[in-house]
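Asks: What follows is the residue order along each chain.
2 protein chains.
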Amino acid sequence: MAARIAVDAMGGDNAPGVVIEGALRVASGDLQLLLFGPLRVLQEEMARHAPKGHPYIALINAPQVIGMGDSPVAAVRAKPYSSMRIGLAYLRDGKADAFVSAGNTGALAAASLFVLGRLLGVSRPSIPTYYPSINGVCLVLDVGSNMDSKPEHLLQFGQMGTAYARRVLDIEQPRVGLLSVGEEPAKGNELVRAANKLFSAATSINFVGNIEGGDILHHAADVVVCDGFVGNVILKLTESVMTALPVMVGQEVAAQGLPPSVADSFKCIVGGLKQRFNPETYGGCAPLLGVNGTVIVLHGSSGARAFEKAIPLAVRIASADVSAAIRVLALGTA
Amino acid sequence: MAARIAVDAMGGDNAPGVVIEGALRVASGDLQLLLFGPLRVLQEEMARHAPKGHPYIALINAPQVIGMGDSPVAAVRAKPYSSMRIGLAYLRDGKADAFVSAGNTGALAAASLFVLGRLLGVSRPSIPTYYPSINGVCLVLDVGSNMDSKPEHLLQFGQMGTAYARRVLDIEQPRVGLLSVGEEPAKGNELVRAANKLFSAATSINFVGNIEGGDILHHAADVVVCDGFVGNVILKLTESVMTALPVMVGQEVAAQGLPPSVADSFKCIVGGLKQRFNPETYGGCAPLLGVNGTVIVLHGSSGARAFEKAIPLAVRIASADVSAAIRVLALGTA
Chain C
1 MAARIAVDAM GGDNAPGVVI EGALRVASGD LQLLLFGPLR VLQEEMARHA
51 PKGHPYIALI NAPQVIGMGD SPVAAVRAKP YSSMRIGLAY LRDGKADAFV
101 SAGNTGALAA ASLFVLGRLL GVSRPSIPTY YPSINGVCLV LDVGSNMDSK
151 PEHLLQFGQM GTAYARRVLD IEQPRVGLLS VGEEPAKGNE LVRAANKLFS
201 AATSINFVGN IEGGDILHHA ADVVVCDGFV GNVILKLTES VMTALPVMVG
251 QEVAAQGLPP SVADSFKCIV GGLKQRFNPE TYGGCAPLLG VNGTVIVLHG
301 SSGARAFEKA IPLAVRIASA DVSAAIRVLA LGTA
Chain W
1 MAARIAVDAM GGDNAPGVVI EGALRVASGD LQLLLFGPLR VLQEEMARHA
51 PKGHPYIALI NAPQVIGMGD SPVAAVRAKP YSSMRIGLAY LRDGKADAFV
101 SAGNTGALAA ASLFVLGRLL GVSRPSIPTY YPSINGVCLV LDVGSNMDSK
151 PEHLLQFGQM GTAYARRVLD IEQPRVGLLS VGEEPAKGNE LVRAANKLFS
201 AATSINFVGN IEGGDILHHA ADVVVCDGFV GNVILKLTES VMTALPVMVG
251 QEVAAQGLPP SVADSFKCIV GGLKQRFNPE TYGGCAPLLG VNGTVIVLHG
301 SSGARAFEKA IPLAVRIASA DVSAAIRVLA LGTA
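Quick note, the sequences are listed as chains C and W, same order. The first sequence runs 1 to 334 under the numbering used here. The second sequence runs 1 to 334 under the numbering used here.
Certain hints may be false.
Lysine to any residue pairs mimicking SDA-like chemistry, simulated, CA-CA at most 25 Å apart [said to hold, decoys possible]:
| no. | chain 1 | residue 1 | chain 2 | residue 2 |
| --- | --- | --- | --- | --- |
| 1 | W | Lys267 | C | Lys309 |
| 2 | W | Lys95 | W | Phe114 |
| 3 | C | Lys150 | W | Pro185 |
| 4 | W | Lys236 | C | Ser200 |
| 5 | C | Lys309 | C | Val270 |
| 6 | W | Lys197 | C | Pro72 |
| 7 | C | Lys150 | C | Ala220 |
| 8 | C | Lys267 | W | Gly272 |
| 9 | C | Lys274 | W | Lys267 |
| 10 | W | Lys95 | W | Ala320 |
| 11 | C | Lys187 | C | Met147 |
| 12 | C | Lys236 | W | Val137 |
| 13 | C | Lys274 | C | Ala255 |
| 14 | C | Lys267 | W | Glu183 |
| 15 | W | Lys52 | W | Glu21 |
| 16 | W | Lys187 | C | Thr243 |
| 17 | W | Lys274 | C | Ala254 |
| 18 | W | Lys274 | C | Ser133 |
| 19 | C | Lys236 | W | Glu183 |
| 20 | C | Lys187 | W | Pro185 |
Partial list, derived from the structure: chain W residues whose beta carbon lies under 7 Å from chain C [what the hints assert, rightly or not]:
| no. | residue |
| --- | --- |
| 21 | Met147 |
| 22 | Asn189 |
| 23 | Ser240 |
| 24 | Glu252 |
| 25 | Cys268 |
| 26 | Leu273 |
If you are wondering where the hints come from, they were derived from the structure by calculation, not from laboratory data. We put the CB at the ideal spot given by N, CA and C, even for glycine.
Whole structure, please, built from the sequences with the hints as guidance.
Replies: Encoded structure:
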């Protein structure tokens, strides 16, 4: 049966141009797309790229647009006819298998909760992040959707990460690590000490214990769990290594009197390393886990290529039925 | 007047050998040292290094030893005749200007609180860490002494960091940044949102606003304030970059088919970068700020060279009277 993916044509800094461009590259008889936005805007943009239209792309009118700077909850409430809300309603009603958007992430999360609702057993949905390591990627969650988590939220992050790693990354028993300041269960802040007890008792995850900040890049776990504040800080810190590194390397080349050719050849290496830390390398997108349906979040700066990768990933996540796997783990019936 | 520094001869993984070795290198008429430990142990070790003794090193009997693995508070209570407690008592009683130890950090902090007490206006002492950036070092505090901080603790970290940067790093108006997940005051977890209000209202510090994880290496602030859990995680993560980087670079060299000579020359660069991230580069030691007196904490793995650097730094911090500067800022009389 053909997959039908709903796409927010108005989401992201470069919408709707790049969305339609990406959609045109992947739409087929097996992968049918529904694009949501103000109809006239979509028609004009479509005319520019494909004057005759596309047999497997449907344009669906959603006259309101949620802006990148809009206050998430207020915008979702105030704009019932936005591309996000209408697109998500198609997903909820079974008229689409997944929803893909590069729009305002906060609004997308709020709209998903509002339209789709949480999965039973999940209090706080979370977007996992692919994190590079010396030995493949690991998943870190949460990385910013959730400030001030409770221990049971962290356990749910571990369960959602497990379900995703198992169904999409094909890791049968993903190792779940709890980010702390020492391996000992008694180390850490109040949140993590309480979470350690929950994690240790849980049969739904393969808990390998507390891990430290230095263990992530060394891949001590496949799923690294932390609260969204810590996750956001470490994610941005790690990304900044790739912007700071070329400067520091230049300083070392000068300080050590190395030939400039060294700096040149290092540029290729840094380029390669930067790719590892570039979200687009891993599809430039991630699922919003824990809501009742498959929602894919793209970076606001996504280009056509990101949509070209994200839409097939959406199909994969939807058909792997990650939501069902989460429900089983979170309800403890595993 | 000669400086008199009290040194915990039993602290650290390599005590007392390296302590005595380091002490012998720096002791002089202007820098007199008092070494604390079981007298016979000290005498035997001293005999090995300097059979005739040293005119400016006094060995003072402290028969009990607090081990690296001892439970801090319990050990401090149970061992009144430990090198830590007796050495700190000398400092408290004005018989020494500073106390230097590579021993159990938790015990050192507990013993300092017990013997010296807190500075008025400071609730939680903190050990700042030198953090490398593309443009000199910045200070990050707290990095692990304090889990579960309150907003006022974070403000005190900012004040202590300011006093230290001003008096010891010679930065007249150190920029203080509050680590968060976005520049906006309303971003962050509950702790940081409340702290932002306190920081914004404080006249004792030069607050430049919230900074993000990616801003530290780019030196957006001279003093970066965070709670000890976050600080510890990011410190260990950053240190791990230097162990993960050579592996990743090797992988890139292979993947890109670059000549092995590139990897070789990169080893020099990584070596230089590692130095920046090596605590020993900055003396391998840091003060315990916020207690009533100058206490210098060394890494447990410190060698003789670390003591050789730490003891003169202790003199500098004591004579700069960082404690007095903290008291002024923390009491808001600046």
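Asks: CA of lysine 95 of chain W to CA of phenylalanine 114 of chain W, is that 25 Å or under?
Replies: holds, 18 Å
Asks: Would you mind confirming whether the straight-line C-alpha gap from lysine 236 of chain C to valine 137 of chain W stays at or under 25 Å?
Replies: With Cα atoms ~19 Å apart, lysine 236 of chain C and valine 137 of chain W stay inside 25 Å; holds.
Asks: Taking 25 Å as the top limit, are the C-alpha atoms of lysine 197 of chain W and proline 72 of chain C close enough?
Replies: holds, 23 Å
Asks: Would you check the hint for lysine 150 of chain C and proline 185 of chain W, treating anything up to 25 Å between C-alpha atoms as holding?
Replies: At roughly 23 Å apart (the allowed maximum being 25 Å), proline 185 of chain W and lysine 150 of chain C satisfy the hint.
Asks: Would the pair lysine 95 of chain W and alanine 320 of chain W pass a check requiring their Cα atoms to be no farther apart than 25 Å?
Replies: With Cα atoms ~18 Å apart, lysine 95 of chain W and alanine 320 of chain W stay inside 25 Å; holds.
Asks: Need the status of pair lysine 309 of chain C, valine 270 of chain C: alpha-carbon distance at most 25 Å?
Replies: holds, 24 Å
Asks: Is it true that the CA of lysine 267 of chain C sits at most 25 Å from the CA of glutamate 183 of chain W?
Replies: Violated, because 31 Å separates the two Cα atoms, which is more than 25 Å.
Asks: Are lysine 267 of chain C and glycine 272 of chain W close enough, with their CA atoms no more than 25 Å apart?
Replies: The hint holds at about 17 Å.
Asks: Return the status of the interface hint for glutamate 252 of chain W: holds when the least beta-carbon distance to chain C is below 7 Å, violated otherwise.
Replies: Holds. Min distance 4 Å.
Asks: With the threshold set at 25 Å, check whether the alpha-carbon distance from lysine 187 of chain W to threonine 243 of chain C stays at or below it.
Replies: This hinted pair holds, its Cα atoms lying about 24 Å apart.
Asks: Taking 25 Å as the top limit, are the C-alpha atoms of lysine 187 of chain C and proline 185 of chain W close enough?
Replies: violated, 30 Å
Asks: For the pair supplied as a hint, lysine 236 of chain W and serine 200 of chain C, confirm whether the alpha-carbon distance does not exceed 25 Å.
Replies: Holds - the C-alpha atoms of serine 200 of chain C and lysine 236 of chain W are around 24 Å apart, at most 25 Å.
When each numbered hint is compared with the structure, violations occur for hints 1, 14, 20.
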